[in-house]
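Top to bottom, those sequences are chains A and B.
My numbering runs 1 ahead of the 1-based position in the first sequence.
My numbering runs 713 ahead of the 1-based position in the second sequence.
Source of the hints: derived by calculation from the structure; they are not laboratory data.
Note that CB positions come from ideal geometry on N, CA and C, so glycine has one too.
Be aware that one or more of the hints could be misleading.
No more than 20 Å apart at the CA atoms, straight line, and that leaves these computed lysine to any residue pairs for SDA-like [claimed, not checked]:
#, chain 1, residue 1, chain 2, residue 2
1, A, Lys296, A, Val168
2, B, Lys970, A, Tyr15
3, B, Lys970, A, Ala221
4, A, Lys296, A, Ala179
5, A, Lys296, A, Thr281
6, B, Lys970, A, Gly73
7, A, Lys296, A, Ala244
8, B, Lys970, A, Gly245
9, A, Lys296, A, Glu279
10, B, Lys970, A, Arg220
11, A, Lys296, A, Pro39
12, B, Lys970, A, Ser61
13, A, Lys296, A, Met238
14, B, Lys970, B, Ala833
15, B, Lys970, A, Gln293
16, B, Lys970, A, Gln71
17, B, Lys970, A, Ala285
18, B, Lys970, A, Ser192
19, B, Lys970, A, Leu190
20, A, Lys296, A, Leu162
21, B, Lys970, B, Ile867
22, B, Lys970, A, His189
23, B, Lys970, B, Gly796
24, A, Lys296, A, His189
25, B, Lys970, A, Thr286
26, B, Lys970, B, Pro806
27, B, Lys970, A, Arg233
A few chain B residues facing chain A, derived, Cβ under 8 Å [as the list claims (entries may be wrong)]:
#, residue
28, Ala719
29, Ser726
30, Gly729
31, Ser791
32, Thr800
33, Phe802
34, Arg809
35, Pro904
36, Leu969
37, Asp973
38, Ala974
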Amino acid sequence: MDALIEARGLTKRYGRTIAVDDLSFQVRSGEVTGFVGPNGAGKSTTMRIVLGLDAPNRGSALVHGQPYGQLGTPLREVGALLDAAALHPGRRADHHLLWLAQSNDLPRDRVTEVLELVGLSDVARRRAGGFSLGMRQRLGIAAALLGDPPILIFDEPVNGLDPEGVVWIRGFLRSLAAEGRAVFVSSHLMSELEDTADHLIVIGRGRLIADTSVAELLRAASNGSVTVRTPRGPELMSVLAGAGAVVTSSGADELTVTGLPAPRVAELAAANALPLHELTPHRATLEQAYLQLTKDAVDFAAGRTRESR
Amino acid sequence: MSLLRAEWTKFWSVRGTRWGIILVVVLTVGLTAFFAAVGGTDATEAGQGDDDVVVNSLRGVYLGQLAVITLGAVVGTSEYATGLIRTTFAAVPRRRRVLAAKAAVLGMAMAASGLLASFASFLVSQPLLQSNGYVAPAYPPPSLATEPVLRAVIGTGAFLTLLALLSLGVGMILRRAGAAISIMVALTLVPLIAAEPGSPLMPETVAVWVRRTTPIAGMAIQQTRERLDTAIGPWAGLAVLCGWTVAALLAAGWLLKRRDA
Chain A
2 MDALIEARGL TKRYGRTIAV DDLSFQVRSG EVTGFVGPNG AGKSTTMRIV LGLDAPNRGS
62 ALVHGQPYGQ LGTPLREVGA LLDAAALHPG RRADHHLLWL AQSNDLPRDR VTEVLELVGL
122 SDVARRRAGG FSLGMRQRLG IAAALLGDPP ILIFDEPVNG LDPEGVVWIR GFLRSLAAEG
182 RAVFVSSHLM SELEDTADHL IVIGRGRLIA DTSVAELLRA ASNGSVTVRT PRGPELMSVL
242 AGAGAVVTSS GADELTVTGL PAPRVAELAA ANALPLHELT PHRATLEQAY LQLTKDAVDF
302 AAGRTRESR
Chain B
714 MSLLRAEWTK FWSVRGTRWG IILVVVLTVG LTAFFAAVGG TDATEAGQGD DDVVVNSLRG
774 VYLGQLAVIT LGAVVGTSEY ATGLIRTTFA AVPRRRRVLA AKAAVLGMAM AASGLLASFA
834 SFLVSQPLLQ SNGYVAPAYP PPSLATEPVL RAVIGTGAFL TLLALLSLGV GMILRRAGAA
894 ISIMVALTLV PLIAAEPGSP LMPETVAVWV RRTTPIAGMA IQQTRERLDT AIGPWAGLAV
954 LCGWTVAALL AAGWLLKRRD A
């Protein structure tokens, strides 16, 4: 898998506030890479730097191994949707796409094709000012897809969409990655990316907190605890404790076991002829994992600020 | 070339710019006709008068330039207002080429409507001026076939075009339409009124320099005769406006490269 976007030590200051602080990461092809952090964490700034719109104070961002500004026809390399509201309200949807296509020497047919792709063919000749937020998002995505680029960057594409639109975008992002594209998508809500992202880059206050796969993050957050239901709780409790587990009674006939993997718990119960009614390895939600991560980061950042004074 | 086509599409696909182009013509011709219809001649029976009858037939630029300034400022700032400028610069990272393409498209559109406005003003106002006493011997009818008259009429189109480009540059520098239009009015309409010949607001020696150095010096291109209140020659005046325009566009280009979009 190639790294299609590579950020190296990006730092961006606005006056005295640091928006992005020594941030490095890679975005690879064939994956949806989620870019997560609370509002104001520096996600949009980072995306603007990658697109050559803002200049970093330090560090560099490479797209396809070169600075964005050196791409000859950028729309063929990178498609981006930063702000769905960034449209001239008086311009027709097809004209909005037409000028974009013309600026990068893309064939006029692409306008019709991408409008079809996002389901806006019927309103192609209507002014964008009358579009709902969902339609604007679709138009923005159509614009990003004009040059059929291998890299796609979406800033909060789910924000403000109705449930139907959310489902549509998620499926769409997955299908783009399945086609082998690198999809870089930001969100301030981890839950939005739960079933969409393969990889996660988590930032807080401009700093990298985690750069990990979704599966790994979940594994780390769940602490390997196991929930067990048995009618013979006290006996199982002493067996498991004897094997080195920490066992707490969490209900009438329910135990929570940490320190032993689920298969080992089942084996010990069987060896002692203790019946189990339930054995569930605990799975943390992505949201929990994220809150744990960002909580640490906030503490860390607060400590660091004091230090620097 | 592809960038020029893109900016061309952008320019014409918005109602505001189409109306702006039409408004320049309507306001210029309308005000010219109004002045020509209400103004009486200063010609004496001896056949003397010091009016510049060609200038009088192009007066409507006083009002037309307001539409021109607004159009230029809007073309320069509307993408900042909507956030579209980021889409533009992501599609075309070479920002100064975007500025050049915008200037070329605005320049072409403005030259066409500016020339239409000036020729129409001249042709519409001639019969009105004549019926108000601007006749031979003091005022022989000016002919478009003669150099100074043709230069004045075509030059008026050039004046409006340069003004639009100056306004575009100021707009790209300030990035807000309101601010850009205010500055442009302060550079044109204000000196035009405050420093007009015989203005009570400043001594004539100062007023002459204001008329020589502000962008309105470009209006001198309309002069076909030397008068007592002439501040600057026609070509020198247009060159002053050219200087303002080039300076504004260069500054805008310099800032485009240095500032975050």
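Against the structure, the hints:
no.	hint	verdict
1	Lys296/A - Val168/A	29 Å, violated
2	Lys970/B - Tyr15/A	18 Å, holds
3	Lys970/B - Ala221/A	45 Å, violated
4	Lys296/A - Ala179/A	33 Å, violated
5	Lys296/A - Thr281/A	27 Å, violated
6	Lys970/B - Gly73/A	17 Å, holds
7	Lys296/A - Ala244/A	33 Å, violated
8	Lys970/B - Gly245/A	65 Å, violated
9	Lys296/A - Glu279/A	32 Å, violated
10	Lys970/B - Arg220/A	47 Å, violated
11	Lys296/A - Pro39/A	11 Å, holds
12	Lys970/B - Ser61/A	17 Å, holds
13	Lys296/A - Met238/A	33 Å, violated
14	Lys970/B - Ala833/B	41 Å, violated
15	Lys970/B - Gln293/A	42 Å, violated
16	Lys970/B - Gln71/A	14 Å, holds
17	Lys970/B - Ala285/A	48 Å, violated
18	Lys970/B - Ser192/A	39 Å, violated
19	Lys970/B - Leu190/A	35 Å, violated
20	Lys296/A - Leu162/A	28 Å, violated
21	Lys970/B - Ile867/B	35 Å, violated
22	Lys970/B - His189/A	31 Å, violated
23	Lys970/B - Gly796/B	17 Å, holds
24	Lys296/A - His189/A	14 Å, holds
25	Lys970/B - Thr286/A	45 Å, violated
26	Lys970/B - Pro806/B	10 Å, holds
27	Lys970/B - Arg233/A	74 Å, violated
28	Ala719	4 Å, holds
29	Ser726	4 Å, holds
30	Gly729	7 Å, holds
31	Ser791	7 Å, holds
32	Thr800	6 Å, holds
33	Phe802	6 Å, holds
34	Arg809	12 Å, violated
35	Pro904	33 Å, violated
36	Leu969	12 Å, violated
37	Asp973	4 Å, holds
38	Ala974	4 Å, holds
Violated hints, in rising order: 1, 3, 4, 5, 7, 8, 9, 10, 13, 14, 15, 17, 18, 19, 20, 21, 22, 25, 27, 34, 35 and 36; the structure is consistent with all others.
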